[in-house]
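Student: Chain by chain, the residues run as shown.
Protein chains: 2
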Amino acid sequence: MDTYHHLLLAADFSEHSDRVTRRAQDLAQKYQAEISVLHVVENLPIADAAYGPVIPFDADLTDQLIEAATKRLADLADGMSIPENRRWIEVGSPKNEIVRIAKEKNVDLIVLGSHGRHGLALLLGSTAASVIHRAHCDVLAVRMRE
Amino acid sequence: MDTYHHLLLAADFSEHSDRVTRRAQDLAQKYQAEISVLHVVENLPIADAAYGPVIPFDADLTDQLIEAATKRLADLADGMSIPENRRWIEVGSPKNEIVRIAKEKNVDLIVLGSHGRHGLALLLGSTAASVIHRAHCDVLAVRMRE
Numbered sequence: 756m757d758t759y760h761h762l763l764l765a766a767d768f769s770e771h772s773d774r775v776t777r778r779a780q781d782l783a784q785k786y787q788a789e790i791s792v793l794h795v796v797e798n799l800p801i802a803d804a805a806y807g808p809v810i811p812f813d814a815d816l817t818d819q820l821i822e823a824a825t826k827r828l829a830d831l832a833d834g835m836s837i838p839e840n841r842r843w844i845e846v847g848s849p850k851n852e853i854v855r856i857a858k859e860k861n862v863d864l865i866v867l868g869s870h871g872r873h874g875l876a877l878l879l880g881s882t883a884a885s886v887i888h889r890a891h892c893d894v895l896a897v898r899m900r901e
Numbered sequence: 756m757d758t759y760h761h762l763l764l765a766a767d768f769s770e771h772s773d774r775v776t777r778r779a780q781d782l783a784q785k786y787q788a789e790i791s792v793l794h795v796v797e798n799l800p801i802a803d804a805a806y807g808p809v810i811p812f813d814a815d816l817t818d819q820l821i822e823a824a825t826k827r828l829a830d831l832a833d834g835m836s837i838p839e840n841r842r843w844i845e846v847g848s849p850k851n852e853i854v855r856i857a858k859e860k861n862v863d864l865i866v867l868g869s870h871g872r873h874g875l876a877l878l879l880g881s882t883a884a885s886v887i888h889r890a891h892c893d894v895l896a897v898r899m900r901e
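Read top to bottom, the protein sequences are chains A and B.
For reference, each letter of the first sequence is one residue, going 756 to 901 in the working numbering.
For reference, each letter of the second sequence is one residue, going 756 to 901 in the working numbering.
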């Protein structure tokens, strides 16, 4: 059986996401695999009542978000002994960036959190489901307890 | 870290699904977990040009499908040393049955195949993505190479 060589933890820093982190660590250990961590700073369209949704281009806000995310990622990665060259921050759509980075970095297992979806959220889909559709590799969705 | 105790392999007998089987076996071994196997005989509406889609109720056809699936499941489960009381055949919608059985049987990790989705298939969604939305437990989607 092919083993896993390179795991990617897609960290979203949401509540209860430590379960995802611990599972990624645990699997990396079991497979003696490298582990990298990615956080995507989401570029959300800001709703504008008069003109409809617009894509924001607020460089200051984005810079602040990146700065805050970089700190949180450093704390997380330090705790997991992940070296600096395997910590990545990207700006964009989480599903696209996770799939892109996984491919670029030859990841063979993506580990991410899966949030419960009901009602409208079920129709809108989720990052985990989109990543599964598009990833070239295996995906473990760790159920977040709400 | 919580370990996995009970893995459910959702077997679809499609081409290349041996990768999914081997991964489930490998994980069960690494976690010293029990492994069960489920195959869902899909109840597809049959397209009828004159009256639109109709739900078939062809008992003979369903019986034949169940019989064929039972044989394939027995071959698979024998090869994996899965005892008879942990082999399940259900008739219905794969996503619903996988989620239901996983809950009923206290499964903590579902292992299933994920097929590539492009174009229309991407819009229609997949069993793997639906299972992730609804499952109460973790889900590993093993990428099928096409």
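Any given hint could turn out to be false.
[What the hints assert, rightly or not] If we take Cβ atoms under 10 Å as the criterion, some of the chain B residues that face chain A in the derived model are:
no.: 1; residue: Asp757
no.: 2; residue: His760
no.: 3; residue: His761
no.: 4; residue: Arg778
no.: 5; residue: Lys785
no.: 6; residue: Ala788
no.: 7; residue: Asn798
no.: 8; residue: Ser881
no.: 9; residue: Ala890
no.: 10; residue: Cys892
no.: 11; residue: Asp893
no.: 12; residue: Val894
no.: 13; residue: Leu895
[Unchecked claim] Computed far set for chain B versus chain A, every beta-carbon distance over 10 Å:
no.: 14; residue: Ala814
no.: 15; residue: Lys826
no.: 16; residue: Ser836
no.: 17; residue: Glu839
Calculated from the structure, these hints are not laboratory results.
Every residue, glycine too, gets a C-beta built ideally from N, C-alpha and C.
Student: So which of the earlier hints does this model not fit?
Tutor: Going through the list in order, the structure violates hints 2, 3, 6 and 7 and respects the others.
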